[in-house]
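Quick note, the sequences are listed as chains V and S, same order. Counting along the first sequence from 1, when you hit position 69 you're at 68 in numbering that gives the first Met the number 0, and nothing is skipped either side. Counting along the second sequence from 1, when you hit position 20 you're at 19 in numbering that gives the first Met the number 0, and nothing is skipped either side.
Since the hints were made in silico from the structure, they are not lab data. Bear in mind that the values here come from a model prediction, so they are computed numbers and not experimental data. Worth double-checking, as some hints may not be accurate.
[What the hints assert, rightly or not] Examples of chain V residues lying across from chain S (beta carbon under 10 Å, computed):
no., residue
1, 76
2, 131
3, 146
4, 184
[As the list claims (entries may be wrong)] Computed from the model, here is a short list of chain S residues facing chain V with C-beta under 8 Å:
no., residue
5, 17
6, 76
7, 80
8, 105
Cβ coordinates follow ideal geometry from the N, Cα and C atoms, glycine included.
Each chain, letter by letter, is given below.
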Amino acid sequence: MQDESSALAHRLDQLKQRYPQAEPAMVAEVVRAVLASMQGDLTAPETALLAEVAELGRTIARARAEIAALKVDDITASHIPSATDELDAIVAHTAAATEQILEVCEKLDAQGLGPEVTTPIYEACSFQDITGQRISKVVATLKAIDAKVAHIVAAFTPELDDADALPEMPADAELLNGPQLPVHAMDQSDIDRLLADF
Amino acid sequence: MIDKSMNVLIVDDYKTMLRIIRNLLKQIEFHNVEEASDGSEALSKLRGGQFGLVISDWNMQPMTGLQLLQEVRADARLRHLPFIMVTAESKSENVVAAKQAGVSNYIVKPFNAETLKEKIEKVLVHAG
Numbered sequence: 000m001q002d003e004s005s006a007l008a009h010r011l012d013q014l015k016q017r018y019p020q021a022e023p024a025m026v027a028e029v030v031r032a033v034l035a036s037m038q039g040d041l042t043a044p045e046t047a048l049l050a051e052v053a054e055l056g057r058t059i060a061r062a063r064a065e066i067a068a069l070k071v072d073d074i075t076a077s078h079i080p081s082a083t084d085e086l087d088a089i090v091a092h093t094a095a096a097t098e099q100i101l102e103v104c105e106k107l108d109a110q111g112l113g114p115e116v117t118t119p120i121y122e123a124c125s126f127q128d129i130t131g132q133r134i135s136k137v138v139a140t141l142k143a144i145d146a147k148v149a150h151i152v153a154a155f156t157p158e159l160d161d162a163d164a165l166p167e168m169p170a171d172a173e174l175l176n177g178p179q180l181p182v183h184a185m186d187q188s189d190i191d192r193l194l195a196d197f
Numbered sequence: 000m001i002d003k004s005m006n007v008l009i010v011d012d013y014k015t016m017l018r019i020i021r022n023l024l025k026q027i028e029f030h031n032v033e034e035a036s037d038g039s040e041a042l043s044k045l046r047g048g049q050f051g052l053v054i055s056d057w058n059m060q061p062m063t064g065l066q067l068l069q070e071v072r073a074d075a076r077l078r079h080l081p082f083i084m085v086t087a088e089s090k091s092e093n094v095v096a097a098k099q100a101g102v103s104n105y106i107v108k109p110f111n112a113e114t115l116k117e118k119i120e121k122v123l124v125h126a127g
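Isolated chain V (complex conformation) (with noise of 0.2 Å):
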């Protein structure tokens, strides 16, 4: 078992000089390799050892073969895109909307109808930039796991291996910032409570 387990090291080496980036089916090659080349009667631990290395390998070709059935075309060309697209819609029409109620206001505001009235409704259209900030962020995560996706696809589908094909992946930066949840977030005491400190 010792040789065997050198001779399969050995094997691995080689492999990984002349293939730096292996790919997942080569990984299923080695091991019906390794188990092709075992002779002889084994010992319960080996033989455990056997089953383990083949299960392995079986595990790698269903993942390969669940992964290529993934359709990812289909994530990529339509569910995504039509995703981002209905978003957008709601920004667009929210925002629409927002601008025809401040329209409203200020006209309120010129008939002298007071600021106990129209204050409340200014600030209640700032919903549109904080729900803007948060679509933007759904969107930018949706485009990056489409973009992780089509990676992981492509890793084991050697056929998909087009690099340029794929969407770029968006810097982790992107996904950063803006609006925070509420019980993430803090309050404006909190910020006048972490200014006072300097």
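Guided by the hints, dock chain S onto chain V, whose structure is given.
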């Protein structure tokens, strides 16, 4: 005593937000309000005019509110200009970065008119 006839520059890449802040400022009697849609446009207006207060968003392209603040503080003529950041960026590291860059006060969105008024008065009294 605060001089409410001063020119106020409001900076945001979102025109609805500019409109809201302009109206809220009008209600607290600041009528001379100019707008810019990003940091670089704001910097150009500040260098070409006379302003008594800047109220700026953070997230804008190509120049952010923080970069605008840094440019203002590095400019010999503008370095003492009161500068309020009004932003959804509420992480403590953002607040600290703005403070270190010399922000006069920091308002987190969504905000109300009373908070805006209170911060403006505090900043202008301190500057005066």
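Okay, the hints, checked on the actual structure:
1. 76: violated, 28 Å
2. 131: Since chain S brings a Cβ to about 7 Å from residue 131 of chain V, closer than 10 Å, the hint holds.
3. 146: violated, 21 Å
4. 184: holds, 5 Å
5. 17: violated, 10 Å
6. 76: violated, 25 Å
7. 80: Since the shortest Cβ distance to chain V is 18 Å, the answer is violated.
8. 105: At about 6 Å, which falls below the 8 Å cut-off, the nearest Cβ of chain V leaves the hint on residue 105 of chain S intact, so it holds.
Hints 1, 3, 5, 6, 7, counting from the list given before, are not met by this structure.
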